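Peer 1: Residue-level listing of the chains:
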Amino acid sequence: MRRWWDRHGVAIVLGGVTLSAAWLLRQTQGAALFETYQLITRPFQLGPTKEERLTDSRVLELRQRLVELESQNQKLKDLLSYAKTTKQQGTVAPIIGRSADHWWQHVTLGRGSKDGIKVGSIVMAPGGLVGRIVSVTRNSSRVLLISDATSRAGAVISRSRSMGFMRGQGSNRAVLQFFDKVPDVRRGDAVSTSPVSQLFPAGLAVGRVESVNLDKSPAPEAIIELTAPVSYLEWVIVYPENNL
Amino acid sequence: MTNVSLFSPWARQTLNWAVTVGSVILCLMVLPARLPGMELLGIAPNWLLIWVVAWSLKRTALQGALAGLALGLIQDGMTSPHPTHVLSLALVGILTGRIQKQRYIQEDFISVALIVFGMAVVGETVTAIQYSFIGDRNLSEIWTDHQRIALSSAILSSLWAPVVYYPLNRWWEQINSIEQS
Numbered sequence: 001m002r003r004w005w006d007r008h009g010v011a012i013v014l015g016g017v018t019l020s021a022a023w024l025l026r027q028t029q030g031a032a033l034f035e036t037y038q039l040i041t042r043p044f045q046l047g048p049t050k051e052e053r054l055t056d057s058r059v060l061e062l063r064q065r066l067v068e069l070e071s072q073n074q075k076l077k078d079l080l081s082y083a084k085t086t087k088q089q090g091t092v093a094p095i096i097g098r099s100a101d102h103w104w105q106h107v108t109l110g111r112g113s114k115d116g117i118k119v120g121s122i123v124m125a126p127g128g129l130v131g132r133i134v135s136v137t138r139n140s141s142r143v144l145l146i147s148d149a150t151s152r153a154g155a156v157i158s159r160s161r162s163m164g165f166m167r168g169q170g171s172n173r174a175v176l177q178f179f180d181k182v183p184d185v186r187r188g189d190a191v192s193t194s195p196v197s198q199l200f201p202a203g204l205a206v207g208r209v210e211s212v213n214l215d216k217s218p219a220p221e222a223i224i225e226l227t228a229p230v231s232y233l234e235w236v237i238v239y240p241e242n243n244l
Numbered sequence: 001m002t003n004v005s006l007f008s009p010w011a012r013q014t015l016n017w018a019v020t021v022g023s024v025i026l027c028l029m030v031l032p033a034r035l036p037g038m039e040l041l042g043i044a045p046n047w048l049l050i051w052v053v054a055w056s057l058k059r060t061a062l063q064g065a066l067a068g069l070a071l072g073l074i075q076d077g078m079t080s081p082h083p084t085h086v087l088s089l090a091l092v093g094i095l096t097g098r099i100q101k102q103r104y105i106q107e108d109f110i111s112v113a114l115i116v117f118g119m120a121v122v123g124e125t126v127t128a129i130q131y132s133f134i135g136d137r138n139l140s141e142i143w144t145d146h147q148r149i150a151l152s153s154a155i156l157s158s159l160w161a162p163v164v165y166y167p168l169n170r171w172w173e174q175i176n177s178i179e180q181s
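The listed protein sequences derive, respectively, from chains E and V.
Per my numbering, residue 1 is the first one in the first sequence, and the count goes up by one each step.
Per my numbering, residue 1 is the first one in the second sequence, and the count goes up by one each step.
Treat the hints as calculated values from the structure; they're not laboratory data.
The structure presented is a predicted model; accordingly, all values stated were derived computationally and were not measured.
C-beta: ideal position from N, C-alpha, C; glycine also.
Each hint should be verified, as a subset may be incorrect.
Example chain E residues on the side facing chain V (calculated, C-beta under 7 Å, incomplete) [to be verified]:
| id | residue |
| --- | --- |
| 1 | Val13 |
| 2 | Gly15 |
| 3 | Leu19 |
| 4 | Ser20 |
| 5 | Trp23 |
| 6 | Arg26 |
| 7 | Gly30 |
| 8 | Gly97 |
| 9 | His102 |
Based on the sequences and whatever the hints tell you, model everything.
Peer 2: Okay, structure coming up:
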């Protein structure tokens with residue numbers, strides 16, 4: 001027994017230590033790894049370039065007009081005694097990493113709980129909805145993109161209010177399955193999140209209808225092209241849940 | 001390298017483990033990054049799979065399985081535990097450990113690249129089979145995804161395999177030869 005232990009003891013102890021360390025990393029969702037990754041990539045997280053600044057200022061101008069219109073809209077809603085909603089400032093976060101596996105559509109952001117990001121926060125980008133925060137460490141957070149196959153959301157055709165639910169299909173496509181047998185939908189229609197969606201607030205831009213298949217069973221389907229160019233994004237904006 | 005042989009056995013062991021663990025951490029750090037030239041259709045090399053193959057090539061099936069288990073658990077933490085990566089990586093470790101390299105294959109870059117190519121396909125297939133059993137995705141979608149992912153991941157992983165394999169293999173050979181003498 002003693003000789004056996006002398007021969008294999010070190011290997012067994014080292015193996016045990018390795019496995020428990022791996023288990024610990026799994027249970028903490030790799031928090032330590034993502035923190036380290038954030039630390040290492042910090043010098044490479046570039047600020048916006050000149051061209052981006054120009055576009056940004058244009059966006060800012062449009063956004064100010066939008067705020068103006070929204071506040072007008074809010075006033076009108078108040079006059080009609082609609083339920084009042086508050087608006088909150090979002091957190092701008094850089095994308096520092098992509099998915100650690102090919103089957104999942106994740107991105108890693110360089111901001112975490114320190115900047116007020118929580119699990120369930122909504123992630124937006126130029127072009128519309130990007131996804132939802134699924135895990136947070138102190139300085140980083142992980143986003144499940146709406147293009148992921150496990151990501152589902154209620155969606156509505158903005159023009160005709162035909163409702164359905166949407167699931168991701170990798171890269172920048174999603175499938176919208178309608179609740180109606182004969183939905184009013186055309187190529188090029190804008191798609192946004194619907195009021196019945198529980199994970200996302202209503203009315204966020206999602207994409208455009210690329211093709212329609214009304215004969216599909218059990219429900220008619222439309223392929224949606226997502227408007228946010230996720231593969232080229234470098235920055236996103238994170239909003240607290242239900243506060244958009 | 002003569003310095004290493006002057007170390008006491010304990011220091012050498014510790015150094016060996018530090019290098020091994022360090023290489024794993026390096027692989028983990030590259031995993032979420034998409035550096036230029038490392039991407040095909042949005043898919044990057046499967047660094048953990050390359051590491052498991054490099055580790056298991058000159059070890060037993062049991063050691064390969066253990067490495068696959070440990071790295072699989074870590075990757076589960078970094079993505080999602082359903083379906084688990086443990087199965088695919090452990091299987092890769094076992095298969096690589098069992099290949100009779102001395103008899104069939106020469107010890108060079110090409111054969112390592114070929115093994116990684118095959119193992120990447122095996123690993124992605126195991127994942128696809130798990131998805132089919134879980135049943136939250138469409139079967140036809142899973143297998144179209146599988147083709148795309150398995151092929152790009154296999155090509156990229158096999159091309160980048162020597163980067164991980166060559167230095168690690170050299171280091172382990174050195175340590176082994178010192179210990180034997």
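Peer 1: May I ask which of the numbered hints given earlier this structure violates, with the numbers listed in increasing order?
Peer 2: The structure breaks hints 1 and 4; every other hint is satisfied.
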